[in-house]
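Asks: When you read off a place in the sequence shown, starting at 1, and then add 16, the result is the number in the numbering used here.
To be clear, the hints were calculated from the coordinates, so they are not data collected in a lab. Just so we're clear, the structure is a prediction, and the values are computed from it rather than from any experiment. Don't be surprised by glycine CBs; every beta carbon is placed ideally from N, CA and C. Don't take each hint at face value.
Label-pair restraints from in silico Cβ distances [as the list claims (entries may be wrong)]:
{"id": "1", "residue 1": "59", "residue 2": "25", "range": "20 to 30 Å"}
{"id": "2", "residue 1": "72", "residue 2": "103", "range": "28 to 38 Å"}
{"id": "3", "residue 1": "24", "residue 2": "92", "range": "52 to 62 Å"}
{"id": "4", "residue 1": "90", "residue 2": "59", "range": "55 to 65 Å"}
{"id": "5", "residue 1": "20", "residue 2": "71", "range": "34 to 44 Å"}
{"id": "6", "residue 1": "21", "residue 2": "59", "range": "39 to 49 Å"}
{"id": "7", "residue 1": "94", "residue 2": "63", "range": "36 to 46 Å"}
{"id": "8", "residue 1": "103", "residue 2": "19", "range": "43 to 53 Å"}
{"id": "9", "residue 1": "44", "residue 2": "92", "range": "54 to 64 Å"}
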Amino acid sequence: MAEGVNVRFAGKLQEFIRSRVEGSGLYSSASEYVRDLVRRDFEQEEQRKWAWLRSELEPGLKASDTEFTPFDAHKVIKEAKARRKSRGR
Numbered sequence: 017m018a019e020g021v022n023v024r025f026a027g028k029l030q031e032f033i034r035s036r037v038e039g040s041g042l043y044s045s046a047s048e049y050v051r052d053l054v055r056r057d058f059e060q061e062e063q064r065k066w067a068w069l070r071s072e073l074e075p076g077l078k079a080s081d082t083e084f085t086p087f088d089a090h091k092v093i094k095e096a097k098a099r100r101k102s103r104g105r
């Protein structure tokens, strides 16, 4: 069940919201307008996060194979298990 949030606007902000609802015909109520604003803000934040992740990964994706160090995953796991065993765990 969704939790409700009540917000009151006064003065110029209330007039602005009213003009968006009544003037545009895009929204049937102030609540619908505010929900749309929050939804858009949420989507922009998600896009910002993905853009950051892409910018962090981009150097690795563009790197040449010569910039990487090859390793054998099975060997790494075997060595880790041996270290754990030698510590008595």
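Asks: Against the structure shown, which of the earlier numbered hints fail to hold, in ascending order?
Replies: 4, 6
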